[in-house]
Amino acid sequence: MSEIVLDRVSKAFAGRSAVENLSLTIARGEIVALVGRTGAGKSTALSLMMGAFPPDHGHVRVAGLDPHAEFGQLAGRLAVSFQTDRLLPWRRALDNVSLGLQILGVERGERERRARLWLDRVKMTGAERKYPHELSGGMRQRVSFARALAVEPAIVLLDESFGQLDEVTSRELRRDFAELVRGLGTTSVLVTHRLEEALEMADRVVVLGAPARVLAEIRTDATERADPVRLGALRRAVAEILERGDHPAT
Amino acid sequence: MTGEAPSPDAPAPGWALASGRDVLATAVVVVGIVAAMQVMSFFTPAYIMPPPRAILSATVGILGEDLRHVGVTLLRWLAGVVVALVAGSAVGVLMASVRGLAPYLRAALFIDTGVPALSWMLLAILWFKSTEERIFFILIVLLLPFYALNVYDGIRALPREWVEMVDVFRPSRGQVLRLLVLPHVVPYVIMTTKSVVGYAIRMTIFAELVASAIGVGARMANAQSTLQVDVVMAWTFLLVVLNFLVQGVVSLAERRLLGWRAEAVIR
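Protein chains in written order, with this note's numbering: chain H, 1080 to 1329; chain A, 19 to 285.
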């Protein structure tokens, strides 16, 4: 069943087209990576899924709803993790994780229990009372993942969420995050410009050309994702598509 | 917890008190002033510069008999600061929330800040019968603009990224205000309070001087009219101490409320 549908969607800013006639369907529980060059409109596509603004043309449906027109109805069903952790500096790690639950009206005891559980799941037990400035970049990003996932959303969107971390921390976080969302069956869409990241994590990699339109789609399974040789070959193939830029959708 | 290293620049505990060097420096300055007053008192009559011993004696007298005036002044000051803080913050939030209102309210506040304190005092005497109303009015018109403008600036400086992050959870306007905007403006409110408390004490005393029969300002006016310079200086000394205490209380509140802030160190 389709969880996210973009149907011939276009969006322009100040006359400059960011997304053009983009059609994309993402199934429930699927992990999809959107890759493309800088300015390819990946983040605009993600913002359209978030409901940050409406498309100029076409339709966007998320969990059967229009994310912009029916913004409020997606409360608790959609979560986002951003490039930077965006932790609120006056809230301790536990309170940052429980922010979404607080907005959803979960009572204090229950939201604290769930926040602790999620801090544990992202391997941050012991950091409950820490303020963001007392944590490293990787730790802060883990807390921000916990904040996104604590509301137990059906869909999670990741906008370059691993992009600001060093390679070792990023790899560790990617592995942990993918394991978590696969275990929960959460539909995930990640935007990234790192091809390794996309190929390691996603069931399907959608290659976008500028303005955002599908150049190619590549499906991988667990065996391929675990095979560095196969991943290397796929990486080279995607890089080639991006270089050509005009490859027809496959 | 993971093996990732925490930030090496974690600050010293926010509640740490002033350093010993600060205390020593203050003590040296106080001793210097007392010594200068003592020397001046040798060469001038007592009605110009009484010796420190006479000032100390007058201070003891005030602490024994006139302490209630300090209490009255402090209550007036506190009422003015608290109401200006709450009302000024509300005006600041209103300016940021209703964009169409902002230019008008900002203009009104700028005009208010341009009116001399003395003009407000004279007008308060003409407009209000009750002493308390006069002093309260003066403090509000003098302090409210500082809170309103700083809170307004604080809200405008709210990072767009945080608003976007909170928006993902689809909050109500009230939740945005309670969970994001108000905690964000707390440092601005504290900073404003630190800036205005000393000014507010001076304005309270000034208002008492011209519009009240009780309070520190009224007692100072009485001492001045009877040429009791030692008493005027004793009150002055007490006011300086009071200002230190009030600043200390505000600093404690700051450390308690803003303990989450990382303190930057400039080398």
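Watch out, some of these pointers could steer you wrong.
Computed from the model, here is a short list of chain A residues facing chain H with C-beta under 10 Å [said to hold, decoys possible]:
id : residue
1  : Arg-39
2  : Leu-93
3  : Phe-128
4  : Met-183
5  : Val-184
6  : Val-186
7  : Phe-187
8  : Leu-198
9  : Pro-201
10 : Pro-205
11 : Tyr-206
12 : Leu-260
13 : Leu-263
14 : Gln-265
15 : Ser-269
Listed next, with one range per pair, are the computed distances between beta-carbon atoms [said to hold, decoys possible]:
id : chain 1 : residue 1 : chain 2 : residue 2 : range
16 : H       : Leu-1196  : A       : Leu-275   : 27 to 37 Å
17 : A       : Val-41    : H       : Ala-1093  : 57 to 67 Å
18 : A       : Val-267   : H       : Thr-1117  : 50 to 60 Å
19 : A       : Arg-274   : H       : Asp-1300  : 25 to 35 Å
20 : H       : His-1138  : A       : Gly-132   : 23 to 33 Å
21 : H       : Leu-1263  : A       : Tyr-217   : 55 to 65 Å
22 : H       : Arg-1208  : A       : Arg-86    : 23 to 33 Å
23 : H       : Gly-1311  : A       : Leu-112   : 51 to 61 Å
24 : A       : Ser-269   : H       : Arg-1116  : 51 to 61 Å
Worth flagging that the hints you see were computed from the coordinates, not collected in a lab. Treat the numbers as computed from the prediction; the structure is a model and nothing was measured. The beta-carbon is built from N, C-alpha and C at its ideal position, and this holds for glycine as well.
Checked hints:
Violation of the interface hint for A:Arg-39 is found here, the shortest Cβ-Cβ separation to chain H being roughly 26 Å, above the 10 Å cut-off. Checking A:Leu-93 against chain H: minimum C-beta separation of about 31 Å lies over 10 Å; hint violated. With a cut of 10 Å, the hint placing A:Phe-128 at the interface with chain H is violated, because the nearest CB-to-CB distance is about 30 Å. Annotation: interface hint on A:Met-183 holds; nearest CB of chain H at approximately 4 Å, less than 10 Å.
Annotation: A:Val-184 was flagged as interfacial toward chain H, and the flag holds, the nearest CB pair being 7 Å apart, inside 10 Å. The beta carbon of A:Val-186 comes within 5 Å of a beta carbon in chain H, closer than 10 Å, and the hint placing it at the interface holds. Checking A:Phe-187 against chain H by beta carbon gives a least distance of about 4 Å; that is within 10 Å, so the hint holds. Interface restraint check: A:Leu-198 against chain H, minimum CB-CB distance 7 Å, threshold 10 Å, status holds.
Interface hint at A:Pro-201: satisfied, since its Cβ lies 5 Å from the closest Cβ of chain H, which is below the 10 Å cut-off. Hint on A:Pro-205 holds. Least Cβ distance to chain H is approximately 9 Å, under the 10 Å limit. A least Cβ separation of about 13 Å between A:Tyr-206 and chain H goes past the 10 Å threshold, and the interface hint is therefore violated. Evaluation of the A:Leu-260 hint against chain H yields a violated restraint, the C-beta minimum of about 31 Å exceeding 10 Å.
Because the smallest distance between the Cβ of A:Leu-263 and any Cβ of chain H comes to about 27 Å, over 10 Å, the interface hint for this residue is violated. Against a cut-off of 10 Å between C-beta atoms, the interface hint on A:Gln-265 is violated, since the closest Cβ of chain H lies about 23 Å away. With its C-beta approaching chain H no nearer than about 18 Å, A:Ser-269 sits outside the 10 Å limit, and its interface hint is violated. Look at H:Leu-1196 against A:Leu-275: about 29 Å separates their beta carbons, and that is inside 27 to 37 Å.
Hint check: A:Val-41 to H:Ala-1093, Cβ distance near 59 Å, so the stated range 57 to 67 Å holds. As the Cβ distance of A:Val-267 to H:Thr-1117 is approximately 52 Å, the hint placing it in 50 to 60 Å holds. Separation of A:Arg-274 from H:Asp-1300 is about 55 Å and departs from the stated range, judged on CB atoms against 25 to 35 Å. With their beta carbons about 55 Å apart, H:His-1138 and A:Gly-132 fall outside the hinted range of 23 to 33 Å.
Separated by about 57 Å at the C-beta atoms, H:Leu-1263 and A:Tyr-217 satisfy the suggested range of 55 to 65 Å. Range check, H:Arg-1208 to A:Arg-86: Cβ separation about 45 Å, and the 23 to 33 Å hint is violated. About 59 Å separates the C-beta atoms of H:Gly-1311 and A:Leu-112, a value consistent with the hinted range of 51 to 61 Å. At about 52 Å, the CB distance of A:Ser-269 to H:Arg-1116 agrees with the hint of 51 to 61 Å.
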